[in-house]
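Now that you have both chains on their own, put them together as the hints suggest.
Taken in sequence, the protein lines are chains R and H.
All letters in the first sequence, in the order written, are residues 55 to 444 by my numbering.
All letters in the second sequence, in the order written, are residues 255 to 469 by my numbering.
If you are wondering where the hints come from, they were derived from the structure by calculation, not from laboratory data.
You may find that some hints are simply not true.
[Claimed, not checked] Here are some of the chain H residues that sit facing chain R, going by a computed Cβ distance under 8 Å: (1) Gly333; (2) Ser344; (3) Leu350; (4) Arg359; (5) Ile376; (6) Ile383; (7) Gly386; (8) Gly389; (9) Leu394.
[As the list claims (entries may be wrong)] Here are some chain H residues the structure puts well away from chain R; computed CB gaps all over 12 Å: (10) Phe278; (11) Ala292; (12) Leu293; (13) Lys450; (14) Ala453; (15) Leu455; (16) Asn463.
Being a predicted model, the structure only gives us computed values, none of them experimental.
All C-beta atoms in this analysis are idealised placements derived from N, C-alpha and C, irrespective of residue type, glycine included.
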Amino acid sequence: MKPVYAISENIISSLGFTASENADGLLSGTSGISIHQDTALYFNPVALSLVDTFQTEQRFEAILDNYKTEHKSGSYTRLEKMLILSIAGALQDISVRAGNPRLILILSTTKGNINLLEDRFTAKFDHKRIYLWALASVIRDFFGFANTPLIISNACISGVMALIKASRLLRSGKYDYAVVAGGDIATEFVISGFQSFQALSSEPCKPFDLNRKGLSLGEGCGTIVLSANPPDTGSTSILLAGGAVSNDANHISGPSRTGEELSMAINTAIRESGFVNRDVDYISAHGTATPFNDEMEAKAISLSRMNEVPVNSFKGYWGHTLGASGIMESAALIRSMKMNCLFRSAGYETPGVTETINVIQETTYKPVNTCLKTASGFGGCNAALVFQKT
Amino acid sequence: MDNQITAYTYIGEGKVVVNKRLIFYQEKIATFAEFIRALYKQEQVSYPKFYKMDSLSKLGFISAELLLRNENPGRFKPGSLAVVLANSSSSLDTDLAHQDSIRNRSAYFPSPSVFVYTLANIVIGEICIRNGFKGENAFLVSEKFNPAQLQEYVSDLLDNGYAEACICGWVEILGNNFKAVMALVEKEGSGAVIKKEFAPLPFTEATLNDLMNVN
Chain R
55 MKPVYAISEN IISSLGFTAS ENADGLLSGT SGISIHQDTA LYFNPVALSL VDTFQTEQRF
115 EAILDNYKTE HKSGSYTRLE KMLILSIAGA LQDISVRAGN PRLILILSTT KGNINLLEDR
175 FTAKFDHKRI YLWALASVIR DFFGFANTPL IISNACISGV MALIKASRLL RSGKYDYAVV
235 AGGDIATEFV ISGFQSFQAL SSEPCKPFDL NRKGLSLGEG CGTIVLSANP PDTGSTSILL
295 AGGAVSNDAN HISGPSRTGE ELSMAINTAI RESGFVNRDV DYISAHGTAT PFNDEMEAKA
355 ISLSRMNEVP VNSFKGYWGH TLGASGIMES AALIRSMKMN CLFRSAGYET PGVTETINVI
415 QETTYKPVNT CLKTASGFGG CNAALVFQKT
Chain H
255 MDNQITAYTY IGEGKVVVNK RLIFYQEKIA TFAEFIRALY KQEQVSYPKF YKMDSLSKLG
315 FISAELLLRN ENPGRFKPGS LAVVLANSSS SLDTDLAHQD SIRNRSAYFP SPSVFVYTLA
375 NIVIGEICIR NGFKGENAFL VSEKFNPAQL QEYVSDLLDN GYAEACICGW VEILGNNFKA
435 VMALVEKEGS GAVIKKEFAP LPFTEATLND LMNVN
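With the rest of the complex left out, here is chain H (with noise of 0.2 Å):
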């Protein structure tokens, strides 16, 4: 059975696309926390710990919320659902703030709630917690987006039994640059939600080059 890419978010430039449709444009992008915060609200998305994120996670999370918001994946044991992300920067954007905070010893403030999100991973987590999943993890790094490696990470999940459903993706920020591509990938015949206007999509490095450029 064929793996099979059967929802997808872009978030960059301004544009936020979910499932081929713009749903989310800001012509002029002043801060990414203008943006997301912009973003947030439209979505009407409700969830306070949102705000304690950092904006790694701020993006990452909001880009699951879209991905998921019309799926299913009740549909898949919680221990069967994956999540892998990758990026270019890891954490750089909060390691930068942690780093400010300790700079100098008459004004030292390290902060616990800052230095939790000097971690990759720490996406994962939000959207591990978010949605109750409980299966494989894992955050990956290269300097620029590697379609052959993140496919391949998936699939063998996918093909070895580790996972039945993977959501994984590119959430890159440092900041007010930022990109975040995230796709929810199954197999073939998985009972995936039926969309009218997306027809799932083979998951091959092509089709991830394309979600990544998808303007």
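Just chain R, same shape as in the assembly (with noise of 0.2 Å):
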């Protein structure tokens, strides 16, 4: 099969506005959630996961700067303003030219600008910009990207779906580089529906802990650049070696109560690698911390006998950034192969799943080869990509 590497990385969290920020925030093991009390979120404190505004604003205005561009920062929204930056910053250290015909933008995202629907804004961004198709829009103006760009909104597998699509296209020859850039913001939409649901917790979320009580939203965006090409920089080539989508037929807001779809979906995406289950040498998982979540993916990493692999969740250091989440996650999994690093998963002290699986609990460097990246969402949807590092 033809190779498809990810030549570059960016995260933006409230660990940092780089990968590598990133990547010393998940090595000193400290969470970014923390308790909000900002009643344009929500009127009660939340435990939440946000990127420094005050940063976002200061770091934009240099875009502005780099890019010579005409307009003002106050044109564009907050989260336009993220992805801006992540995919600006995923460019910077690559010679890929964002007008390159031979490029395309995937773009994934759940929400896009949904606090435009509050009264606030209405008045300040044209109602049109409410459309997934405006934002990307902006964002393809903002670079001048060549071709239309393909738009992914499949829940909480966004991400990682928009990996898996942008490596099919790559291998296929349609495009020989694809900028995957996820992004959502935290608003007073989301939390006050997962608050419905009672799925959020009080404290930062402890993905697969007996005490886990829910999850944490955050914020975020990720960007990853993938080429039909080998790095030009002579480093570490990341592959983008197989990936599956599956459905669970069950429940459009509960898990499969097997885990046998996600087994499925991740068995598919090693296959496709040519590899075997065990030669994968680390899980980056979903890891919401609801009960349900927590327990389908132990029951399917269980059926995929993968027991023994590491596995961690970076939600406890970001929270949940929904349809970022696959991006920004992925990103952090190509750290860990580039740093032969395997993250803490944050928040997990007590073994609180049925099936026994190796959640990490200490940083610990050793060899990081082979990694599967593995998401669910509601609606039912599973998926799962496998990265090789040659």
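Encoded structure:
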């Protein structure tokens, strides 16, 4: 199969504005989730992982200068600024020209500019800005991407799905480059919705832990640039080796009871990569810290006979960032591979799922060559993606 | 082996067409709710969960019901049936309802049964639950119907063995403006149900455009 390389990555979260800053944050082991009292987000205090607004504004001004655009900062929404920063960050160290006719932008988001439905924004932005295609157009115009963007909005697997689709597009020879970017922001819309489900933890979330009480919401962006050609720096090559998507066909808001369908996606992705399950030396799980999700994932990992494989969730660091999560977490996984470092699964202390799985308790340096990223979401969707280091 | 459309449905401008045949027509549509209820009754669909769905899911669900009515999807393995849908406004129709429920602190009533539908791909979940489909799925968003994008996505799944058959289409609703076009796409010679009134169509951008403008 034609190789597809991940040649650059960026993460914007509560831990920082670059993949390196985020890797430093993961190494330090501290969570970016804290209790916030912001009535514009929720009328009660709530545990969230938020991207620093002051730094976002400052860094965005600098980007406007760099790109010599006529536009003013005020003409962009918070999410647009974050996405532009993330993509610019991923593009700055590589020689790929944004206007390359063989490049496609793939955008992953669940809710896009959903905060524009709030009364305080309706006068400020054109009503069309709420549409996901309008968001993609703003990003496309800023960078001058040549092709119509592909927009994927498939709940919490959007990011992993966007990477899978991007790798297929490159493998088929339709494009040489894909800029895969995902973003979602913390809004009253999303917080109130998850509260109504009673799915939010009152403290920073604890994926796979016995005392987990639900998820913590986060906001952020991630960008990974894929190429049909090896990276020009001569550094380590990270390949997207195979991927698969499945559906539980069970419940719209609850995961499968057996984990069979996620396991099916995992097995298919590994098979496509030319590996067998025991070759995998690290799993970056979805790990939302809701009782049902983590249990289902543990069952799937067990069904795929990967109980011994080290597994973590990044949700304990920057919360659940919805449509951005799959890309941010894949970018963190790529950093794990480059650093040969497995990050501690923040919030985990006591085994809390019925299957025995190997949740990472201490950050450890060891060879990390073949990795699996998984995601699951509302609508019963699952995705699995294999990364390989050469 | 070429990919072909072996069944399709069209819902728009008050008309419902299944495999070239007009099965339902309302000259004046008062509301989407009335339209879809009348269609549900006439077609004698029986699925209590239908009443809990939001408009986007109702529209997509009914389209899939009519599409598969005389098909035999059991000839495919559950894991090899894919669903790929697209629209312009994502779940905005229900997003507005959820936002209304949190607009006033004095009348704050967000509901999980509304909130869950503020994701566009839930309609795919509903179709998968009803039919036991466990294969690839994707929800795409584009300003206008983009037959090239949809055709590429689905062909890639079928041509590279990610799926044996795929339900694909456009399911758009905002208020009382709605349109849905859905097609069953499979490889030539995969044992499609033979129909008297409708011969399989080549799965091309041009065909998808024709189906969008079936009027």
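Hints not upheld, ascending by number: Going through the list in order, the structure violates no hint and respects every one.
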